[in-house]
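Each chain, written out:
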Amino acid sequence: MAGSDAAGAFRLPLRLLSILGFLALWALAAVLADRAEVPGPLEVLDFLTREAADGQLFYHLAITLARVAAAFLIAMFIGTAVGVMMGQHRRLDRLLDPWVILMLNLPALVVIVLCYIWIGLTEAAAVTAVALNKIPNVVVTLREGAKALDPRLMEMAQVFRFSRLRLLRHVILPQLFPFIAAAGRSGLALIWKIVLVVELLGRSNGVGFQIHLYFQLFDVAAILGYALAFVCVMLCIEYIVVQPLETHLNRWRPGAASRAA
Amino acid sequence: MAGSDAAGAFRLPLRLLSILGFLALWALAAVLADRAEVPGPLEVLDFLTREAADGQLFYHLAITLARVAAAFLIAMFIGTAVGVMMGQHRRLDRLLDPWVILMLNLPALVVIVLCYIWIGLTEAAAVTAVALNKIPNVVVTLREGAKALDPRLMEMAQVFRFSRLRLLRHVILPQLFPFIAAAGRSGLALIWKIVLVVELLGRSNGVGFQIHLYFQLFDVAAILGYALAFVCVMLCIEYIVVQPLETHLNRWRPGAASRAA
Amino acid sequence: MRHPGQLDVRIDSKIFRSADGAATQVLCGLGFTLSPGSFTCLIGPSGCGKTTTLRIVLGLDRDFAGKVTLSPPGLRMAAVFQEPRLLPWRTVEQNVRLALPPEEQGPGAAPDLDALFAVLGLKDLRARYPDELSVGLARRVALARAFAVMPDLLLLDEPFVSLDEHIADRLRHHLLQLWQARAATVLMVTHNVREAARLADRLLLLNGRPARLVGDVAVPVARAARGSEALGRFLDDLTREFPETVLA
Amino acid sequence: MRHPGQLDVRIDSKIFRSADGAATQVLCGLGFTLSPGSFTCLIGPSGCGKTTTLRIVLGLDRDFAGKVTLSPPGLRMAAVFQEPRLLPWRTVEQNVRLALPPEEQGPGAAPDLDALFAVLGLKDLRARYPDELSVGLARRVALARAFAVMPDLLLLDEPFVSLDEHIADRLRHHLLQLWQARAATVLMVTHNVREAARLADRLLLLNGRPARLVGDVAVPVARAARGSEALGRFLDDLTREFPETVLA
Amino acid sequence: ASAAGTLRVAVLKFGTVNWELSTIRRHGMDAQHGFTLDVLEMAGDQATKVALQAGEVDMIVSDWLWVSRQRAEGRRYTFVPFSSALGSLMVPADSPIHGLADLKGRKIAVAGGPLDKSWLLLRGVTERHHGFDPAVESEPVFGAPPLLTQKAEQGEVDAVLNYWHYSARLEAKGFRRIIGANEAAMALGADGPISAIGYVFDEDWAAGDIATVRGFFAASRDAKELLRSSDAEWEALREMTGAKDDATLVALREGFREGIPARPLREEMVDTAKVYDLLAELGGDKLVGGSKTMAPGTFWPVPANGY
Ligand SMILES: Nc1ncnc2c1ncn2[C@@H]1O[C@H](COP(=O)(O)OP(=O)(O)OP(=O)(O)O)[C@@H](O)[C@H]1O
Ligand SMILES: Nc1ncnc2c1ncn2[C@@H]1O[C@H](COP(=O)(O)OP(=O)(O)OP(=O)(O)O)[C@@H](O)[C@H]1O
Ligand SMILES: [Mg+2]
Ligand SMILES: [Mg+2]
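Protein chains in written order, with this note's numbering: chain D, 1 to 261; chain R, 1001 to 1261; chain A, 2001 to 2248; chain V, 3001 to 3248; chain P, 4001 to 4307.
Take the hints with a grain of salt, since some may be wrong.
Claimed, not checked - Part of the chain R face toward chain A, derived, beta carbon under 8 angstroms:
1. Arg1015
2. Arg1152
3. Pro1174
Bear in mind the hints are in silico, worked out from the structure with no lab data behind them.
Given the structure is predicted, the values throughout are model-derived calculations rather than measurements.
Glycine residues also receive a C-beta, built at the ideal position from the N, C-alpha and C atoms.
For reference, chain D alone in the conformation it holds in the complex (with noise of 0.2 angstroms):
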């Protein structure tokens, strides 16, 4: 396309641009509002930094972050598994279809008061239960991508007869990107709302801890700054790991060159 050296170089101004309007947006509303429910971004600045300065952050955000990676390690692991494998055969497809639009529809609440109850007050009860409650929605979306999958190129690799390892790597991996992607994705988020709850109802520390303890109290700017911050760690993977290793597995599209100048 025309013109799209010239957007590369405005890449990060747009996206400042695009921060700083929503920051501005926010101020704005904030000053309209006038009410204490309604903090601006100052309120929440100032109570992060003195959130931070004694090291309350920092170690509930770390904490918290910890168990979003290893959830979200397990759910995408396991989830993009059974997910090709349901898409790929249609008997499983079947038998497992029930349990897994159960697993779906189970309330996060139920699923987190069972594994409690079952496996303990642990921190292995809390990563297992914001696992089962994310690996149905990554289950869900690899069977569509692997009900996607071109046979054409199946049947290339079967006839030049390739191993189990090439055909995953080069074949099917690449062929799900966009769906891995999308649920990854969307997938982190959940993962981490769920995680809030998991605090909520039965850890000790974390950020869905924090804010449950701010909500008693309905200290708005606390709740909002907790969940700013998270929101910047998230940001910031999304800037620094996600979207460059995008680009990069992306580079074969026809003009990814000049796009990703």
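Fit chains R, A, V and P with the ligands to the given chain D structure using the hints.
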């Protein structure tokens, strides 16, 4: 595939088998655990019949379903539109991207509380809060779909001067279908989970309201009863509406004819 | 009756940037004018830039130095791409009908496609989906789609490969009929020089890296005499004059 | 040195069921044996079932009545599909290397592909991605992939379409060399009867609905004499004998 | 704000406050006192706060700490005691724990989080009388109250500090009470039991419809009186309490009756202020939001009506 015809005949039995297997496993677990907080299927069924008899079950189920349906339609519609636009226009993508990540990672709690405070404790606020929670997930999934659109078909449509509507209906939507299916299926589940929280925080009816009431009494049979009642509704929707629709929309895939039998 | 257009093509330079960062100039100083109602064939070695030229003419690639003008604007255009490019989720007939201009979309306005499908041997396959067709059948559907539009300007990229000679001959004949009936302007890419000489008024020969116009030859044989010896002599001359580009 | 295989093909019936529920019998009572080291061409009108036959031979379609035996099992096999079927996310060189048998995958064991790429005119394109290639170039990569495997059994589905005659001739020559050097068994589909007569020992002619074997002709011209008049005469005879199937 | 004469209250559907409100409605006490009671039943504590802040109801039930904090931030909420039943620390019948000193190194489940009043008081009294802080030398586990009750029954924790009605349920199952939060407060200098929770509303709204508010508190007093004296009333409430057996119902009934505020408001205010200072010290800024003493006006000066 050889034998796929035969598999068609097994479809219902396989599924039934799967559901029966689940019930059997559950009953076994309950007997083994032999504790009040692990009720068996019969206890839950008993609760459900009582709750159904006095009309409570259907009342709360209907209200929750209405909320889920409204939020689902709004979220899918807006999310698909925004996601496709972002996937197709790189500038817009860069501009809105931080907002999407923000919305994606804002805890459900924060969005819900802010909606209730700003809009009031109304049905509209509840549905808005749920839709706001889900929209970014749809956006993220459909954006991947829009990025993976086949440029060759888009060019064909351009040469033959397809109108916007024709392009959307015959070229774009069919390609987005796996992504819409993934977003829709995991979306319905996500929405229902958020509706539970919304009902906890500011409604006086609905399944979420009931589940939390019974949670305070730690009546696991009641919690499971309401959760499973909803799961049953979702199973019905899946098997009566979604899967036949999916089969119809996928009838063009080679081998679909023998598989659908 | 609308009038077919005159097409002015001037491509000063077309550069591709590939994923490894390398920039390759594919076309350089390419200029030609197609007069209304003419039939021109574009010939050149595999990978030299023929498809790129067609894409530029079709307005699908705007990232080049130069200018393409088609007057008057708003002509009916159709193309047969090098691959069939059918919508896999629409039947054969739907694929053809969807490409019709808006004014022919309604049930009443829709042209009768029976004759066209009969010529192309697609009569029994209207309800089939593209993935259920052989490659040659899919190609014929792509041809049917372009023919059904009754275009003023028709661009074809190697339209008759993967077809047996019987059906290919029938389709060449049909193409000529359509061209004459509509007085359409046709630009066709082919590797088959014999085919080009039989169909076209004029041959544009492309070669080199970057590709330039190395020859612009009017076919000197009257259409009626194209079955004869005269065509053979013309082809021999052509092979002698452009040994790098033509092997007939 | 491994030994090329003998291929026994017996397809009693092949039926396709399309999305509209209609069942079409495509092949009926097709039987032939390819002796080790032979070169056979399969010829038939577009859509008659040639690709279907190849897919059955390759083991990609098991839903048919009949039996295909290849002895001894474990032979090296390669195919050139009718479409290139490259992995779009792997470079030209990766696409070729990934198809090599496991024992040639390691960095030390990998064969030197320079000569092959040179013959195919792909030398400068090793690092390109398939979507950056013209159709003819992509087809050449698919050929390179099949040739690099050095197969005992090679199946080709219209391998030389979309190529200009210069490069097509070079590739036909290369194919013959490979065939002789490996003593491979080759089964090739083509619409170009002249090409078939130049390359093959034997022509299998397919026609009808459902398609049956209508002719099984040994090419009576010595390989050395295939440039000559003798080939022309053979083709004329063939056209006379099978007017429905052959038009040379 | 609602139409004059109507009072909208948001409460937990199965909460203790709703026992009182449903008694008021069942006996038409609202009409007797010249107002209409409109109850919005919700599923969570936070939901009632959201409802009050969104202007959806006139009154909720919460604690004076929250009210004081809100007043410090400029919102004119005020508080009228509802119950003095605070949480208590429970252990299984056969537990080796017999006093606060035995808590060292034990796993204690704490409902409501580290800023919970009862927990802070327990920490204060243990520190003062036994020389260690359970937050440091025991192992507190925070979590949802019903889940913690469950965990205590399963024996996964050694002791559980929970709201009174959860404690009452445990008592019915044979658990022992080690100390109640009110005892802790008294051990730390309060003269008598102070209220835990109370009705919370905007004082400006109350001033605008004073007759209704007075009527409500009169009705509230009548309902409490009835629940104190009549066991039959509790049969009507049985389902609402979720009691599965008679022992539980009795424990809940006795707990409720014990918690009915009986002291003069003035004395209670003085004691509450003392406890506030204590909590401000123990809980820090996080708990009280920077105001070291209880905000003036936290207690609504109910005109002499018997409390
Ligand atoms: N999946 C399918 N479902 C239904 N019909 C099919 C399917 N695949 C192929 N066919 C039909 O089977 C017939 C033979 O197809 P095949 O691809 O073998 O033809 P072919 O001889 O290779 O033709 P071409 O020269 O055009 O490549 C065609 O009529 C085709 O439409
Ligand atoms: N997106 C792209 N990025 C980089 N190079 C490209 C791209 N598209 C085409 N090319 C290169 O441009 C050259 C011309 O391609 P084009 O498709 O026009 O060839 P062609 O003349 O149509 O060949 P063929 O006869 O094989 O179809 C080729 O060398 C091709 O590799
Ligand atoms: Mg081309
Ligand atoms: Mg074929």
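Here's how the hints hold up against the structure:
A least Cβ separation of about 27 angstroms between Arg1015/R and chain A goes past the 8 angstroms threshold, and the interface hint is therefore violated. Taking 8 angstroms as the C-beta cut-off, the interface hint given for Arg1152/R holds, the closest approach to chain A being about 5 angstroms. Annotation: interface hint on Pro1174/R holds; nearest CB of chain A at approximately 4 angstroms, less than 8 angstroms.
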